[in-house]
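K.L.:
Quick mapping for you: the protein sequence lines, in order, are chains H and E. All residue numbers for the first sequence refer to full-length UniProt numbering, where the first residue is 1 and numbers rise by one. All residue numbers for the second sequence refer to full-length UniProt numbering, where the first residue is 1 and numbers rise by one.
What the hints contain is simulated information worked out from the structure, not anything from laboratory work. Computed from a predicted structure; not experimentally measured. Hints are supplied without guarantee of correctness; some may be wrong.
Pairs count within a copy or across copies, as identical chains cannot be separated in the list.
Stated by the list, open to error - Derived pair list, reagent style EDC-like, types lysine to aspartate or glutamate, alpha-carbon separation capped at 16 Å:
hint, residue 1, residue 2
1, Lys398, Asp371
2, Lys254, Asp283
3, Lys64, Glu180
4, Lys359, Glu321
5, Lys398, Asp300
6, Lys366, Asp280
7, Lys302, Glu251
8, Lys302, Asp283
Protein chains: 2
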Amino acid sequence: MEKTFKNLIKADYPYLCGSKLLLAVSGGVDSVVLAHLCKLAKLDFSMAHCNFNLRGDESDGDEKFVVDLADSLEVDVYTESFDTLNFAENHGVSVQMAARDLRYEWFSELSSSAQFEYTLTAHHANDNLETFLINLIRGTGPEGLTGIKNERDNIVRPLLGFSRSEIESFAREKKYKWREDSSNASDKYMRNKIRHQIIPVMEEINPQLLDSFAKTQQHLQESLDLVEDYMSLLYPKLVEKDKYGYTLDIEFLKKVPNQKQILYQLLKSFGFTEWDDVYDLIDAQTGKMVLSDTHRLIKDRKKLLLTEHNEKIGNKEYHLEKEEDLVMIPGMGSFHISEVEKMGQTSPSCIYVPERKLKFPLVIRKWKKGDFFYPFGMKGKKKLSDFFKDEKFSLPEKEHTWILCSGDEIVWIINHRADNRFAVEKSDSKILKICIT
Amino acid sequence: MEKTFKNLIKADYPYLCGSKLLLAVSGGVDSVVLAHLCKLAKLDFSMAHCNFNLRGDESDGDEKFVVDLADSLEVDVYTESFDTLNFAENHGVSVQMAARDLRYEWFSELSSSAQFEYTLTAHHANDNLETFLINLIRGTGPEGLTGIKNERDNIVRPLLGFSRSEIESFAREKKYKWREDSSNASDKYMRNKIRHQIIPVMEEINPQLLDSFAKTQQHLQESLDLVEDYMSLLYPKLVEKDKYGYTLDIEFLKKVPNQKQILYQLLKSFGFTEWDDVYDLIDAQTGKMVLSDTHRLIKDRKKLLLTEHNEKIGNKEYHLEKEEDLVMIPGMGSFHISEVEKMGQTSPSCIYVPERKLKFPLVIRKWKKGDFFYPFGMKGKKKLSDFFKDEKFSLPEKEHTWILCSGDEIVWIINHRADNRFAVEKSDSKILKICIT
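Work the whole structure out from these sequences, hints included.
P.N.:
Dropping the structure here:
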């Protein structure tokens, strides 16, 4: 066993030799063993310890232990103290989640400021099985069953192939000192039940449980890798990205089997929870939508449109004074007003208006139901909703449409069409050019 | 709860009404409840009980109980007695597997002889979770985690959505009588540990365990459905079927990601166990092969050839006497010998040979290393191995090649090429026509 541990880094992680490493050390047996292994392998590493202040003096004792360990191993150590309970409360997450977020955020900061190439953690095979069982018991998607990844995002977990008892035996044999592991303190109740009441029974049935489990999990991961491959294949046929978000082609979706599951795969990272409502959109009427905390999915004819919630583009109004020559409007651009001697070339982003017809300040606002205007170059008036229909605007396009008003009258559907009533006449001497860039 | 049970069949399985049904009844609470529900729903059903003779008098008691139950419900009952232990030993399977195989085989026989349209079993949600955990503990592929299918192969399991305790409560409320469930007797040790020691702890952590688990398992099944879809998409590009088996196109395989996993998906039902050896074939030399109990996978240039083991085509020899006019050879066809006055048109499946040159009985055998012949229409002799090479024979083609010999000399590479030495000369009067059909 010792031999396996001793050669582990050089045999399986040769790229760690010569790299600048940050080692997460809680003070528990796993991270202590990994620290010693790193020292034996003569790696260039510093240690980092999070004090989550969850167990008073004990937490401080852990911190002191780790600082002393770093001293005896002659490596640098970083420590940081967190008000974990407060963070959890403020962010509405569990204490466990809070600790994890704080830890990884701090590691990431340390890594960029001190230029560490990899972060090492001491997760082992039992952690993997315990996490699997926690997720299984709580209920989870397939991703929750596939386990901690060995190497991902520059985080390396060299002990994932070893069990807790193997690590402990090795530590005893080498007479290492350690503190009882204080990590996962917040889900201790659940994790301890699993660790002490469930896994031992499983091991009575199959003494090779951890090995079998590692293979089971690998097979599962491999299957899910194929799902990813399949999605990569479908993606360019199904999804188009534009400036407002993503457009999903329902007609193509309907040609492939298991549409719902494909929709789930495409949308799973956008925070939706009401999946039946999402699936119902496939056959819903135009305009139906489903919301997540961050995104919105809208049925629009033969498409599904996925856009971010954009609260900035609410019902805000902006005013344009005559003497202002530049007004910035968030999410739209900048307005320029200038007096010109004669009309130049018109374009969707520029209009010419006789000053005498305008009531200042002009108002810039979103369009609303019932709005109508007199499209330039046409006879009579038209509802904006009909104009959008004729021009085949998508829902997000409609939503991102701003109008320029003089009093109650529409002067310009910005970026799209001017109004006849405000057309320049031969007799007009004072002409304003209004442009958006 | 009662309401749910009472309406279950009509609401969720309307197609069962009016169909002729076979209900598997062990005498345990689950199958007893299902029997009563079928009766309440006025279904047209008979009962079937397997006596596996695994617990002596108790087994006979179960049988008597089921016969009495059928009597009281006024439905037909079939019973069958099995020597399960013997079957398990003879077939080298576990007692549990033996019981399952015997049960489903008998149900299938009953269904075809008595024309039952569906077989109903009383599997419930706990069975599903227990089976999941058994497979998890033993180690399994993803399929072992997805659970019992509700409706498959005309077997319907209406109670899969209910827990054991819900079923028991309902049975107590209705004052039904039942026998303690004798099924799964052989894996009782393992199943009981899971049932009494593991699942209760999981339920302490999450009282809604069975519901969460059902969703987890459904998500997993949906992901695996996508793997199937992906494979269906790749299959026609990757695999070609011919008369010897299947040909896998390695060049195409190398173009897609996760080749090994795809190879696994393609080959998983052919009994291979040495998967690393299988994967190594991708880059192996022509001729390398991996065996399963039933199949053989051979590297052949840019292909992998999958064929059944065919022991019939071993080293057997067949003899052809002059006076026989028809000889059947298993796996090849029938030989006809006839005397003709003059040569007709030659073809790969017919040769003309002067009788005087033949030593009877002629021998029909597989080719072997070192064989050579004098190809008709060419000068000199040639090794059979070189002939195969020039003709671009695949490995299975070579293996399925038979030769006809006169003494030590090859007369005919059957179906392919005759030998010069046995060509008919002008002076020959007695000509034999030998054909294979």
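K.L.:
Next step is simple, just say for each hint if it's right about the structure.
P.N.:
Outcome of the hint check:
1. Lys398 - Asp371: So Lys398 and Asp371 pass the 16 Å test inside one copy only (13 Å; across, 81 Å).
2. Lys254 - Asp283: Answer is within: at 10 Å inside a copy they meet the 16 Å cutoff, but 39 Å across does not.
3. Lys64 - Glu180: Within one copy, since 14 Å is at most 16 Å while 59 Å is not.
4. Lys359 - Glu321: Only inside one copy: Lys359 and Glu321 sit 10 Å apart there, 116 Å across copies, limit 16 Å.
5. Lys398 - Asp300: within (12 Å within a copy, 60 Å between copies)
6. Lys366 - Asp280: So Lys366 and Asp280 fail the 16 Å test inside a copy (30 Å) and across (63 Å) alike.
7. Lys302 - Glu251: Classified as within: same-chain Cα gap 6 Å, cross-chain 38 Å, threshold 16 Å.
8. Lys302 - Asp283: within (9 Å within a copy, 46 Å between copies)
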